[in-house]
Amino acid sequence: MFEGDVIALDDTKMRIIFAAMKAVRQYGLEGVRIQNISELAGISPGAIYRYFDGKDQVLTECFTYVDQQAAAIFDHLRFDPQSMQTDPLGAVRSLWQPYFRFWLSHPDETAFYHRFRDGAAFPGYDKIREVNYFGSFMKMVTAFKAMFPCLDRINQDLLWLHVLTTTVMYAKYVVEGVLPDNQETEDTVFQLLATGLSGYLTFGGGGQET
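No gaps in the numbering here: position 197 of the sequence shown is 198 in my numbering, and each next residue is one more.
These aren't lab readings, by the way, just hints derived from the structure by calculation. Check the hints yourself; a few may be wrong.
Okay, the calculated beta carbon distance ranges per label pair [stated by the list, open to error]: (1) 86 <-> 139: 18 to 24 Å; (2) 46 <-> 144: 25 to 31 Å; (3) 150 <-> 47: 55 to 61 Å.
Cβ atoms here follow ideal geometry from the backbone N, Cα and C, with glycine treated the same way.
Turn these sequences into a full structure, and let the hints guide you.
See below:
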């Protein structure tokens, strides 16, 4: 289980969810089969159907579970709005760093999450899924936007898609061994993100135009 889990699920269902993510990492999103999941979970294929209608439902519940765990990180962070005035990029990093490290510490989940978001089924699923579990994160975003109105000039969908996909993508490269798991990698990834954001972290009405 993830450290600090906030969701209690039936033990067998959790075994299926973790086995499914591991199977996706091994066989790919399209290549994974119920048989692969059952073998990794140590249960029969029929047992999976007592919890899920089929592979598609298994995968969507995997995504929801991981997404909720990632969102829960922000529920436990101590965020000081005053730090935005003296060190805005430092304030951003204090929120981003635990999120990035979450993905580094969960290799199967990171590979699964990245592949599922890039999968053909995700756009349709994204339109109907509930994301109210990101409440704490959105409060922090609201505080940043109040302090730095220029952030409203950025296309919000592009902004958060950039931050999310870049963070998860580089974490995936680390867990796959493409990039080293060290402080230099973390510093460089944040610098790449912050370079594009820094022009908007200005007080008042200045900043870049979109």
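Taking the hints in turn, this is what the structure says about them:
no. : hint                   : verdict
1   : 86 <-> 139: 18 to 24 Å : holds (21 Å)
2   : 46 <-> 144: 25 to 31 Å : violated (48 Å)
3   : 150 <-> 47: 55 to 61 Å : holds (57 Å)
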